[in-house]
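Residues per chain, in single letters:
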Amino acid sequence: MENVHEGRLKNAVNKKKKSKWNQILKEKWLYFMVLPGLAYFIIFKYIPMWGIVIAFQDYSPFLGVFRSDWVGFEHFHYFFTNPDFLRLLRNTFILALYDLVFFFPAPIILSLMLNEIRLSFYKRTLQTLVYVPHFMSWVIIASISYVFLTTSGGVVNELLAKLIGQEINFLSSPDWFRPMIIGQIMWKETGWGTVIFLAALASVDQEQYEAAIVDGAGRFRRLWHVTLPALRSTIVILLILRLGNFLDTGFQQIYLMSNSLNRSVADVFDTYVYFVGITEGAFSYSTAVGLFKSIVGIVLIVGADRLAKKLGQGGLF
Amino acid sequence: MKTKFLRYLLMALLVIGIIAVAGCSSDSDSASNESDGESGGDSGDSEDRMELRVFVPTFETEPPTDDSPVLKAIEDYTNTDITMEWAPNSNLEDKFNITLSSGDLPHIMYVPSKSPSFISAVEDGAFWEVGPYLKDYPNLSQANEIILNNSSINGEIYGVYRSRDLGRNGVIIRKDWLENLGMEEPTTIDEFYNMLKAFKEQDPDGNGQDDTYGIVVSKYEGPWDVMQTWFGVPNKWGEDENGELYPYFMDDNYLEALNFFKKLYDEGLVNEDFAVMDPAKWSEPVINGEAGVQVNVLDEGHRIQEKIIDAEPENADPITVIKAVEGPTGLHNLPTSGYSGMLAVSKTSVKSEEELKRALDFLDKMNDEEMQITAENGFEGTHYEIVDGEYQSKLEDDAALKSEIAGFNQMLMYIPEAKSLSATSSPLRQLEEKLKVENEEIVVANPAESYISEIYSKKGQQLDNIIIDARIKYIVGQIDEAGLEEAVELWKQSGGTDYIEEINQLHQEAQ
Amino acid sequence: MHRMHNTGPGRVFDVFNHVFLTAVGLITVIPFLYVIAGSFASDTELATRSFFLIPNDFTTTAYDYIFSTNAVIRSLGVSILVTVLGTIVSMILTLTMAYPLSRSSMVGRNFILNLILFSMLFGGGMIPTYLLVKSLGLLDSIWALILPMAINPFNLIIVKTFFQQLPKELEDASKIDGCTEFQTFWRVMLPLSKPVIATFTLFYAVFYWNDFFQALLYLTDTTKWPIQLLLQQLVMVANSGIGDLQEAQLYEPPEESVKLAVIVIATVPILLFYPFLQKHFAKGVMLGSVKG
Numbered sequence: 001m002e003n004v005h006e007g008r009l010k011n012a013v014n015k016k017k018k019s020k021w022n023q024i025l026k027e028k029w030l031y032f033m034v035l036p037g038l039a040y041f042i043i044f045k046y047i048p049m050w051g052i053v054i055a056f057q058d059y060s061p062f063l064g065v066f067r068s069d070w071v072g073f074e075h076f077h078y079f080f081t082n083p084d085f086l087r088l089l090r091n092t093f094i095l096a097l098y099d100l101v102f103f104f105p106a107p108i109i110l111s112l113m114l115n116e117i118r119l120s121f122y123k124r125t126l127q128t129l130v131y132v133p134h135f136m137s138w139v140i141i142a143s144i145s146y147v148f149l150t151t152s153g154g155v156v157n158e159l160l161a162k163l164i165g166q167e168i169n170f171l172s173s174p175d176w177f178r179p180m181i182i183g184q185i186m187w188k189e190t191g192w193g194t195v196i197f198l199a200a201l202a203s204v205d206q207e208q209y210e211a212a213i214v215d216g217a218g219r220f221r222r223l224w225h226v227t228l229p230a231l232r233s234t235i236v237i238l239l240i241l242r243l244g245n246f247l248d249t250g251f252q253q254i255y256l257m258s259n260s261l262n263r264s265v266a267d268v269f270d271t272y273v274y275f276v277g278i279t280e281g282a283f284s285y286s287t288a289v290g291l292f293k294s295i296v297g298i299v300l301i302v303g304a305d306r307l308a309k310k311l312g313q314g315g316l317f
Numbered sequence: 001m002k003t004k005f006l007r008y009l010l011m012a013l014l015v016i017g018i019i020a021v022a023g024c025s026s027d028s029d030s031a032s033n034e035s036d037g038e039s040g041g042d043s044g045d046s047e048d049r050m051e052l053r054v055f056v057p058t059f060e061t062e063p064p065t066d067d068s069p070v071l072k073a074i075e076d077y078t079n080t081d082i083t084m085e086w087a088p089n090s091n092l093e094d095k096f097n098i099t100l101s102s103g104d105l106p107h108i109m110y111v112p113s114k115s116p117s118f119i120s121a122v123e124d125g126a127f128w129e130v131g132p133y134l135k136d137y138p139n140l141s142q143a144n145e146i147i148l149n150n151s152s153i154n155g156e157i158y159g160v161y162r163s164r165d166l167g168r169n170g171v172i173i174r175k176d177w178l179e180n181l182g183m184e185e186p187t188t189i190d191e192f193y194n195m196l197k198a199f200k201e202q203d204p205d206g207n208g209q210d211d212t213y214g215i216v217v218s219k220y221e222g223p224w225d226v227m228q229t230w231f232g233v234p235n236k237w238g239e240d241e242n243g244e245l246y247p248y249f250m251d252d253n254y255l256e257a258l259n260f261f262k263k264l265y266d267e268g269l270v271n272e273d274f275a276v277m278d279p280a281k282w283s284e285p286v287i288n289g290e291a292g293v294q295v296n297v298l299d300e301g302h303r304i305q306e307k308i309i310d311a312e313p314e315n316a317d318p319i320t321v322i323k324a325v326e327g328p329t330g331l332h333n334l335p336t337s338g339y340s341g342m343l344a345v346s347k348t349s350v351k352s353e354e355e356l357k358r359a360l361d362f363l364d365k366m367n368d369e370e371m372q373i374t375a376e377n378g379f380e381g382t383h384y385e386i387v388d389g390e391y392q393s394k395l396e397d398d399a400a401l402k403s404e405i406a407g408f409n410q411m412l413m414y415i416p417e418a419k420s421l422s423a424t425s426s427p428l429r430q431l432e433e434k435l436k437v438e439n440e441e442i443v444v445a446n447p448a449e450s451y452i453s454e455i456y457s458k459k460g461q462q463l464d465n466i467i468i469d470a471r472i473k474y475i476v477g478q479i480d481e482a483g484l485e486e487a488v489e490l491w492k493q494s495g496g497t498d499y500i501e502e503i504n505q506l507h508q509e510a511q
Numbered sequence: 001m002h003r004m005h006n007t008g009p010g011r012v013f014d015v016f017n018h019v020f021l022t023a024v025g026l027i028t029v030i031p032f033l034y035v036i037a038g039s040f041a042s043d044t045e046l047a048t049r050s051f052f053l054i055p056n057d058f059t060t061t062a063y064d065y066i067f068s069t070n071a072v073i074r075s076l077g078v079s080i081l082v083t084v085l086g087t088i089v090s091m092i093l094t095l096t097m098a099y100p101l102s103r104s105s106m107v108g109r110n111f112i113l114n115l116i117l118f119s120m121l122f123g124g125g126m127i128p129t130y131l132l133v134k135s136l137g138l139l140d141s142i143w144a145l146i147l148p149m150a151i152n153p154f155n156l157i158i159v160k161t162f163f164q165q166l167p168k169e170l171e172d173a174s175k176i177d178g179c180t181e182f183q184t185f186w187r188v189m190l191p192l193s194k195p196v197i198a199t200f201t202l203f204y205a206v207f208y209w210n211d212f213f214q215a216l217l218y219l220t221d222t223t224k225w226p227i228q229l230l231l232q233q234l235v236m237v238a239n240s241g242i243g244d245l246q247e248a249q250l251y252e253p254p255e256e257s258v259k260l261a262v263i264v265i266a267t268v269p270i271l272l273f274y275p276f277l278q279k280h281f282a283k284g285v286m287l288g289s290v291k292g
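In order, the protein sequence lines correspond to chains V, Z and B.
Read in full-length UniProt numbering, the first sequence has 294 at position 294, and its numbers run on one by one without any break.
Read in full-length UniProt numbering, the second sequence has 384 at position 384, and its numbers run on one by one without any break.
Read in full-length UniProt numbering, the third sequence has 256 at position 256, and its numbers run on one by one without any break.
None of these hints come from the bench; they were simulated from the model.
Treat each hint with caution, since some may be false.
Stated by the list, open to error - In silico DSS-like cross-links for lysine-lysine, where the CA-CA straight-line distance does not exceed 27 Å:
{"id": "1", "chain 1": "Z", "residue 1": "K281", "chain 2": "V", "residue 2": "K162"}
{"id": "2", "chain 1": "Z", "residue 1": "K281", "chain 2": "Z", "residue 2": "K394"}
{"id": "3", "chain 1": "Z", "residue 1": "K458", "chain 2": "V", "residue 2": "K293"}
{"id": "4", "chain 1": "V", "residue 1": "K28", "chain 2": "B", "residue 2": "K168"}
{"id": "5", "chain 1": "V", "residue 1": "K20", "chain 2": "B", "residue 2": "K168"}
{"id": "6", "chain 1": "B", "residue 1": "K134", "chain 2": "Z", "residue 2": "K347"}
Based on the sequences and whatever the hints tell you, model everything.
The structure is reproduced here in structure tokens:
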């Protein structure tokens, strides 16, 4: 204890001369604390990375990594020349774009609307309700979707039959696959997405509103000139983050909602890796596809980080 | 300085990590030794019980645990110490491949199909070739040659098949509806169509409402495969006059069959949501009186019948079954492969030939009458009873009792025949059994059944999906004939052309 | 509080706003209400009535059936155990790792941060991870459901950012009092972190409760199935198009009301847990994710 204290004083005197070793010894507790977490990352994240090598092999579990044949970039070559490749790229891209256009603004709009509610009991009840779906697993949401959307006695289709005299086969039509996926995401996550915006809105200085009222600004002008600017930095950060994860589509959701009729639009990188790797047992090929996706992901996230810095938001992390 | 220190730190952590890995894996070894010791102590008198891990699928949410009395009886009879590894049927392929990927296989492993991953595991020496040994066992030696060939990999047998009827497919029809309309059982495709049309339009249930349709199909593609066979489409591969094999969808009759399916769909004779319908609910429309026909395994007929009678006791004889209907080229039916998966013996757990013989002895004994009854029916007085000479299961309303036994019949191979008990033979059941035998006369064999294609093992799923998806899309009108041709073109480009060539080569070698 | 001047268009907007938001609220809850209602209805009612929120014929058959078997109760027990243990492990690892990484003075901090970031983008994939879990001897152990996903790097980074925002003076003051970093963390920082702790406890708990995939991969012993895997098995059993459907025909599919009842059972515990933490998480998420 004494030493630490003394060292600290000394440090204050000779800042320039402090050696890293002293610094480390002085803060040894920090290293003890970080150790369990670091061990976790090394054991569970870094040790399995050796598995990447099987992307360049014809891997057989019974021969092991050391005796399996090396094939170089054959799996990549096969993937890029395969018609699947363009289909996956297109599906992933379109789904991500839909997500950006339709889902991304939804929580912003919802939180602005919630913010206009003055009855605090009503507002709190609504908030509690719309947060709930976030906590449901995809298994549950997929099950509920099937119950509601099926053409054999599903609620939605019985209503449609009455209203427009025609049923829509949401579950199997390729045209409805993307709207359905986005709809599920909106149902599950829009409410939850408002948390961050509502918090940002709560921190807006009330004086600014009052000043605006004094200036005779109506409700929508206040929204435009006071509320939105307050949300701007949050929106920009989230947007950049989303761009960085552009290729990440929800595996479980798509896995649960795809079938042979909508497969042409449903297959995305994540599900493809699973289907060819685990369901069909093509270990090496699927690892190669996964590796490709990881690399594209890194490029995107680094790009997003650069963009964030350029826009003066600081790096992402 | 900084990086050097971090390098050391990282190295130290890696060492710790590796020690942790090594330490833990030796821990697990000693743990499994411990359990060996325990089980040895449990069984007491029989010191040298063979330890067996058995991987089979389960359809239950609560499969039996290893302390089930039924399993104990099986262990005692076969002198083994069994650990069950149940795989949920819905994730069976996934679980199977994950287990394969670990390189550490259970002793007895259920193999759902000759999938690419299974074949490559066989090539890498993961399973014993059991063919040459079968002759030494009283039951296994009586295995059916045709089915053995079907289940073989280019003639070599890597697992004992689980026997099923070859001629199990058929057509299940609402007999009461036929009678209401004064119609006869159909014998040709045209009559079949007229029946479906009548079921849709002539109010077969006589309730005055337009609430019925012809045939119900689910997401499971089987019915389309069966019905196209009626039109003369070959089973997977056809043989032309020069002895060359060609895939079934290049047959001249294929388009005719598809046009027929499309007509059924366009006229609303088949349920609109067939492509997504949960196969678990497939029989419900027939039971509820919405649909009049189902193309399924014949034995579903009496299950449907029993449920209809449960709901409407006055409707005593609502179901009939037929084999198939006659098409332009005669009467054909699609066989099943005659087996449902295989039980393979892994080399990673069963190391010596001596152990293999014991494992096969276990499989052989599972075909004894006593074991078939124990694993499928349970104990008399507990799980079933014989009243007036009739078998009655006691499991239906007792979930706890059911969880002692349900699923052990997955270990049964029924070689040379099923000897377990089943309920009363109603006239319908007798008819089903009769048709199954008759079916064997009209089933169309797949000439390429035992050939293992390298291309198919790599791209088979993808190739199949192209054709299956195109068929469904054609039926629902998403694509036209040109689209169908495009799909075949895509199939060829994706490796199909080479696949045809390879199969023909294998075919010539086999001649 | 500023007053609203209820002018014409403003009023129209208010009415619209309330109607719209009420509709949003209803769309959110109605599916659940239907599932709950359906779980108390008979199968004939489920088959004949397309939609209802109150069953005509109230029955608890589905629940009676479920609780007559051990499976559901046992897997609820497993899920609770995994959720509690997993959340504790995850919180300890996340908090103890996040704090040092929030200290800018720490040597090697950036290296470790980059290590974490890299692992978020790049992984060995499912098969190598499976082999690791296997060689660690964790197969068929509930630890296999916990350890491989023990730290969520996103959560870690948000907690780290939160610690960075705590006033530096507090830390300095406690150091001058002679506290080690650990003591500072324990006595000063944690008590200030209640909203963050509440938030991430909830996040981790929800993750562990909802996960079925780890269980599917790592467990062969069905007595250790968590409730989500049981639900997946029950609802999707013949739904997947995989496996032998002719075989599946030999088995009775579970009744519709039983499926709905299991959905209810799998959902309710997390909903019970949620109100206690709800008041904290808005604050927690906000503090963490908006950068200072």
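Q: Please work out if Z/K281 and V/K162 have their alpha carbons no farther apart than 27 Å.
A: 25 Å, holds
(Q) Please verify whether Z/K281 and Z/K394 have alpha carbons no more than 27 Å apart. (A) 25 Å, holds
Q | Distance restraint between Z/K458 and V/K293, which requires alpha-carbon spacing of 27 Å or less | A | 21 Å, holds
**Q.** B/K134 paired with Z/K347 [C-alpha distance capped at 27 Å]
**A.** 19 Å, holds
Q: Given the hint that V/K28 pairs with B/K168, test it: the Cα-Cα distance must not exceed 27 Å.
A: 19 Å, holds
**Q.** V/K20 paired with B/K168 [C-alpha distance capped at 27 Å]
**A.** 21 Å, holds
Every hint from the earlier list agrees with this structure, and none is contradicted.
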